[in-house]
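A.B. asks: Each chain, letter by letter, is given below.
2 protein chains.
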Amino acid sequence: MVEATQPRRLTPKGRATRERILEAAIALIARQGVAGTSIEDVRAAADVSGSQLYHYFDSKQALIRAVITRQAESFLDSGRPRISALDSFDALRAWADAAIDQQRQTGCRGCSLGSLAGELAVSDEETRGDLATGFLQWKDLILNGLRAMRDRGDLRTDADLEQLAFALLSALQGGVLLAQTVLDVEPLEAAMNVTLAHLETFLTGVR
Amino acid sequence: MVEATQPRRLTPKGRATRERILEAAIALIARQGVAGTSIEDVRAAADVSGSQLYHYFDSKQALIRAVITRQAESFLDSGRPRISALDSFDALRAWADAAIDQQRQTGCRGCSLGSLAGELAVSDEETRGDLATGFLQWKDLILNGLRAMRDRGDLRTDADLEQLAFALLSALQGGVLLAQTVLDVEPLEAAMNVTLAHLETFLTGVR
Numbered sequence: 009m010v011e012a013t014q015p016r017r018l019t020p021k022g023r024a025t026r027e028r029i030l031e032a033a034i035a036l037i038a039r040q041g042v043a044g045t046s047i048e049d050v051r052a053a054a055d056v057s058g059s060q061l062y063h064y065f066d067s068k069q070a071l072i073r074a075v076i077t078r079q080a081e082s083f084l085d086s087g088r089p090r091i092s093a094l095d096s097f098d099a100l101r102a103w104a105d106a107a108i109d110q111q112r113q114t115g116c117r118g119c120s121l122g123s124l125a126g127e128l129a130v131s132d133e134e135t136r137g138d139l140a141t142g143f144l145q146w147k148d149l150i151l152n153g154l155r156a157m158r159d160r161g162d163l164r165t166d167a168d169l170e171q172l173a174f175a176l177l178s179a180l181q182g183g184v185l186l187a188q189t190v191l192d193v194e195p196l197e198a199a200m201n202v203t204l205a206h207l208e209t210f211l212t213g214v215r
Numbered sequence: 009m010v011e012a013t014q015p016r017r018l019t020p021k022g023r024a025t026r027e028r029i030l031e032a033a034i035a036l037i038a039r040q041g042v043a044g045t046s047i048e049d050v051r052a053a054a055d056v057s058g059s060q061l062y063h064y065f066d067s068k069q070a071l072i073r074a075v076i077t078r079q080a081e082s083f084l085d086s087g088r089p090r091i092s093a094l095d096s097f098d099a100l101r102a103w104a105d106a107a108i109d110q111q112r113q114t115g116c117r118g119c120s121l122g123s124l125a126g127e128l129a130v131s132d133e134e135t136r137g138d139l140a141t142g143f144l145q146w147k148d149l150i151l152n153g154l155r156a157m158r159d160r161g162d163l164r165t166d167a168d169l170e171q172l173a174f175a176l177l178s179a180l181q182g183g184v185l186l187a188q189t190v191l192d193v194e195p196l197e198a199a200m201n202v203t204l205a206h207l208e209t210f211l212t213g214v215r
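Protein chains in written order, with our numbering: chain A, 9 to 215; chain B, 9 to 215.
Any given hint might turn out to be false.
Since copy identity is lost for identical chains, a pair holds within one copy or between any two.
To be verified - With a cut-off of at most 20 Å between alpha-carbon atoms, the simulated SDA-like pairs for lysine to any residue come out as follows:
1) K21 to Q110
2) K68 to G44
3) K68 to A43
4) K68 to Q40
5) K21 to F97
Everything labelled a hint here was simulated from the structure, so no lab data went into it.
Bound-form chain A, shown alone (with noise of 0.2 Å):
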């Protein structure tokens, strides 16, 4: 993963189309899928050359790596500051809800890191290994904030952490496939409501 997060060093104006070509990349594979995007309506949305998109991205694989791993970045740093660090029952609950305020805002559509996973994992395995690794980061992110709150006093000892970290994971994931097949986020809110239901069971409410 590491060419796609770290691009060699461009120049302002570089960076710019670079960033330009990965949003055309990242909006035509939300509404039409990786197998329903080509390298040339890739390259006509973003207004480049064949040559100047070539030289930021190699391959259709190079872009499409490169949107898996801004897709998982998107999260990481999603700037919202309660989401910055998961670290508390409120900035859980936030995360859930802005993850379900999205898919409404979207209609339920959009490009997702589990969409993208469901429509590569089987055939690729160098995607795979991508998206395994955003998946993982993902899980360690919510993990050290439930790791936190454990050693805040906030949550039970007994609480299983890295069995609560997946589980929330899974929750969203299979939650956003759901509400995308059916077009209601409704299997999203119950996914995540029951999941942190389940994790509230071990607050110790010192908080």
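Since chain A is already given, all that's left is putting chain B on it; use the hints.
C.D. replies: Frame of chain A; chain B shown alone:
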């Protein structure tokens, strides 16, 4: 979905041929994904002529819809006696364990309605509709089981059954998606354990 679930009346030989084509398609899609599977691949794997294949499935789309219907049905008629009705905590636990075992046995690969949904729902409105129908049937099967438990007095009357049913299905789909991406069954186990633990808090204990 009618044409896919109720194909026109076929002779026993016709049914066997249609079945052979469908099973070849399911196996290929599990290995290669939908985008990576051509009609020609299916024809060769099923060892039928092109005209035979088109007699039963007049397009790749028709074939994919039949695969989706079969995936949803295979859950509903899985033939495992304890899973034919999800109307007790033990049956729900057995259902979760069967899903976990299946992922473990396939090395966290394999074709699920969920991975089909991830690959297809974004880009194809008709297929999305079929998948939504499949998921909602599945949710209703869980919901009917939970209602039977409540009516029998096994579940407290304040349990939100619709929420529990969607949460169980989301946990399964998200857990399978993560398991298939990170190649480890742990996220699926975590998701099912947490959701069932929440359900358990609504048991009346008079089972």
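A.B. asks: Now look at each hint and say whether the structure bears it out.
C.D. replies: Do the hints match the structure? See the list:
1. K21 to Q110: neither (31 Å within a copy, 51 Å between copies)
2. K68 to G44: both (12 Å within a copy, 15 Å between copies)
3. K68 to A43: both (10 Å within a copy, 15 Å between copies)
4. K68 to Q40: both (15 Å within a copy, 18 Å between copies)
5. K21 to F97: neither (42 Å within a copy, 60 Å between copies)
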